[in-house]
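With the sequences and hints as input, model every part of the structure.
So the sequence lines, in the order shown, correspond to chains A and B. For the record, in the first sequence the residue sitting at position 460 is 506 according to our numbering, with numbers rising by one throughout. For the record, in the second sequence the residue sitting at position 53 is 99 according to our numbering, with numbers rising by one throughout.
Honestly, the hints are just simulated from the structure, not real lab data. Be aware that one or more of the hints could be misleading.
Copies of the same chain look alike in the list, so a pair counts if it fits in one copy or across any two.
[Unchecked claim] In silico BS3-like links for lysine-lysine, alpha-carbon gap of 25 angstroms or less: (1) K377 / K103; (2) K103 / K309; (3) K126 / K152; (4) K402 / K103; (5) K93 / K103; (6) K160 / K144; (7) K133 / K160; (8) K103 / K68; (9) K383 / K93; (10) K126 / K302; (11) K152 / K180; (12) K144 / K374; (13) K126 / K160; (14) K103 / K383; (15) K144 / K133; (16) K133 / K152; (17) K144 / K60; (18) K395 / K356.
Chain residues, written in single-letter form:
2 protein chains.
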Amino acid sequence: MSKNLTTRSEDYSKWYNELVVKADLAENSGVRGCMVIKPYGYAIWEKMQAELDRMFKETGHQNAYFPLFVPKSMFEAEEKNAEGFAKECAVVTHYRLKNDESRPGKLMVDPEAKLEEELIVRPTSEAIIWSTYKGWVQSYRDLPLLINQWANVVRWEMRTRLFLRTAEFLWQEGHTAHATKAEALEESEKMMNVYADFAQNFMAIPVVRGFKTESERFAGADETYCIEALMQDGKALQAGTSHFLGQNFAQAFDVKFANAEGKQEHVWGTSWGVSTRLMGALIMTHSDDQGLVLPPNLAPIQVVIVPIYKTDEQLAQISEAASVLTAKLRKLRITVKFDDRTTQKPGFKFAEWELKGVPVRIAVGPKDLENGTFEVARRDTLSKETVSADGIENYINDLLEQIQNDLFAKALNYRDTHITQVNNFEEFKEVLNGKGGFVSAHWDGTAETEEKIKDLTKATIRCIPLDAVEEAGTCVFTGNPSSKRVLFAKAY
Amino acid sequence: MSKNLTTRSEDYSKWYNELVVKADLAENSGVRGCMVIKPYGYAIWEKMQAELDRMFKETGHQNAYFPLFVPKSMFEAEEKNAEGFAKECAVVTHYRLKNDESRPGKLMVDPEAKLEEELIVRPTSEAIIWSTYKGWVQSYRDLPLLINQWANVVRWEMRTRLFLRTAEFLWQEGHTAHATKAEALEESEKMMNVYADFAQNFMAIPVVRGFKTESERFAGADETYCIEALMQDGKALQAGTSHFLGQNFAQAFDVKFANAEGKQEHVWGTSWGVSTRLMGALIMTHSDDQGLVLPPNLAPIQVVIVPIYKTDEQLAQISEAASVLTAKLRKLRITVKFDDRTTQKPGFKFAEWELKGVPVRIAVGPKDLENGTFEVARRDTLSKETVSADGIENYINDLLEQIQNDLFAKALNYRDTHITQVNNFEEFKEVLNGKGGFVSAHWDGTAETEEKIKDLTKATIRCIPLDAVEEAGTCVFTGNPSSKRVLFAKAY
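Structure representation (structure tokens):
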């Protein structure tokens, strides 16, 4: 297997695009901006889904399903949200095709089947969900509503990239309704923490938790919490957001409840989501010039066994040993593949499984059988060891845990060495255009300054970190007073 | 809780519509023909999904994801399929809204954001998937492709009913590609059998396996296998279909492979799907005038424990006993809910859990604590028994299995006593308009006769059963010769 993968230092962006396709994760489809998620990529997404779904349920949420379409009048109801998404939404205007008389065998939109009211393909579901919640909430006893939806959404992006920015993407969106502001705020913070826990402990991706500035907030939210990750090229990637919606949607859709004293109040809301964009974060956090590197938690195949042989007899003996080993590993719930294809050489197989990021490769030849050993290679470090067959299943089990931890430690170290405090605008630009990463700087708190810095450097405020310490300083751009540092970066 | 459920004998259709809403399964949304699947209904669908997904993977299939939209030219490529779905498809024509200058705060479709080519919201995904498969198949070594997708699809139905016929619905669609006709035929039959196994052994719904006639076939298929269930009102419901597509889509999308001799051939295809329609089948097969009856396999809550008490001290003692019992049941992977709401009386709770179809209800009061017993009630038979606390977890475990089996046996008995052989058209009409169910009759094999019978009686040929025996006879309508009986019924 010839990989021909562009290296990261040659062209990071090209490396990413090639890797997604060559590792069989996804490809562009015949529909502008929409991707096909291939089985290997989808298997990784399924692992993310399963773990997130477990975490949501553990925190008291239930799944439900709401319509794909939002009637235009419903879409308009919350003005800021509508304005925020109006420029990029797919609109259904007709519900039928008919034969095109002028072109035999072709179809055309039937002008007589025009919808009375246009339908927006959901870019997000606050509008349709809050219009439904109106019927579900009468009294404080009906609250909280803690609901999640797994769905596809559409945002008509002009420039798209596989997983990172696609016209259609898959995501989950939580939508909760509460009796009090405090409870809704607690929920939005809780879900940001669920996301951070998931990113760090399951995906091995370190994240910074923080707030968005007003101009970077979700349209229709009063506060947006986020988790921000850092890619190997020094650019940040927003990996998840959790919004405190205040009473904005409750007011727009007239969702009220009678409190314990019988008084009518508007409900408080939150929404929160992560998407197939996380696949992009996963790829760009861990992978290298040889291809994908997958944390064991997310690997569809955790261990691949490759036989090294010359004769059919040798293959038969190796197959027997492999089958014993496979059984032992499966008992420990490790996913194993024995690659016994006779059409490919071991070198080709090694390169293919490297490209696909299988965490552990076990090679076994006649010599190994004689010595009672296996050759065990780690994908992340590309290092090899000879391991005794006796008790190897526990060795592999520990190794997978080790790899998971090492990947996180490595990414954390990269991230931590790429948060740089700067105190003037020269330093700001130097770091941003040099080593990149997060630039920790004082900011005067105005949207105007934020905008100017963005225009001059392409850097945006990724977040006001939750753990930012109070510290007197002056804005890196205007010199006006500031009380805490925020994180700037170029971003995906 | 006042149920006020219309009875089945009063108005079967009304009973169904009310039950779906009152049992919190689904409701109509503000979008014409689209439903909201509520958490309780969605939890049942999740159980179906999990089991089907397991069965698909066990038979070698992998999940993937393809775009929601199909460009018009791609949609047109397979003519019969295009024609079959053209009359009911949602069409995206624009990709942006803008402010409506004449109505402040309102949005309108931006005429400048018209798509060059209209996009069809997928009514089914053969077109988009086969256009993708073209890039995935070069040689016989790339075959078979065994792929499934969990997705939403849209068919602009004019008359909709919750779960049974909705504009948007959720489903899975398998799409496979094979090197030979025999292999594709085997796959389509295999998946029909997977569906039959699932319906009968997991959902406790007996089904007839068979072929569709040419006029009832999926548009674009050479053969359609189906499973047909029978509802309590004597109407049939198509519960799943599996299509042998021949080389139709491979030809339309030019999907060829080099066989072992290096010769180019078109690929053979299948597709197969089941949808949220199965929720309708589930409800109408088992439920009664008291509400939902759920087979234990599909019940989000399998056992509910209701405390009967007067004093707080009694409640405390009962809670302790309930918590011991809950722990024992959970160890056996039984899903238990302890309904300790203080705002509702036991009678209300009994009615609510009956309406929601919880298979087993355990009531416990001070007397039970004294005697070391529990009162165990079955939802399906509405019968009660007093059971010793000692070893009750095994009793409940067995009971759940018993209920699952009994529900199937009951439905099977109903189905078997509602397949009636008739030999002339008078009998045909008499049975159809009397006891209903499947009418087993000879048919001359022509679409013309099929159409005439449908016009006169509203009955369609549900299927040509797989196990139909060769038997000389005469068509029940025309008197022309026929060699086997087919099943007619009115249908959902």
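So, going through the hints one by one against the coordinates:
no., hint, in the structure
1, K377 / K103, "between (27 angstroms within a copy, 19 angstroms between copies)"
2, K103 / K309, "neither (32 angstroms within a copy, 53 angstroms between copies)"
3, K126 / K152, "between (41 angstroms within a copy, 12 angstroms between copies)"
4, K402 / K103, "between (31 angstroms within a copy, 21 angstroms between copies)"
5, K93 / K103, "both (16 angstroms within a copy, 15 angstroms between copies)"
6, K160 / K144, "both (12 angstroms within a copy, 19 angstroms between copies)"
7, K133 / K160, "both (22 angstroms within a copy, 13 angstroms between copies)"
8, K103 / K68, "between (35 angstroms within a copy, 24 angstroms between copies)"
9, K383 / K93, "within (17 angstroms within a copy, 28 angstroms between copies)"
10, K126 / K302, "within (20 angstroms within a copy, 51 angstroms between copies)"
11, K152 / K180, "between (44 angstroms within a copy, 22 angstroms between copies)"
12, K144 / K374, "neither (60 angstroms within a copy, 62 angstroms between copies)"
13, K126 / K160, "between (28 angstroms within a copy, 24 angstroms between copies)"
14, K103 / K383, "between (31 angstroms within a copy, 15 angstroms between copies)"
15, K144 / K133, "between (29 angstroms within a copy, 7 angstroms between copies)"
16, K133 / K152, "between (31 angstroms within a copy, 14 angstroms between copies)"
17, K144 / K60, "neither (43 angstroms within a copy, 35 angstroms between copies)"
18, K395 / K356, "within (15 angstroms within a copy, 71 angstroms between copies)"
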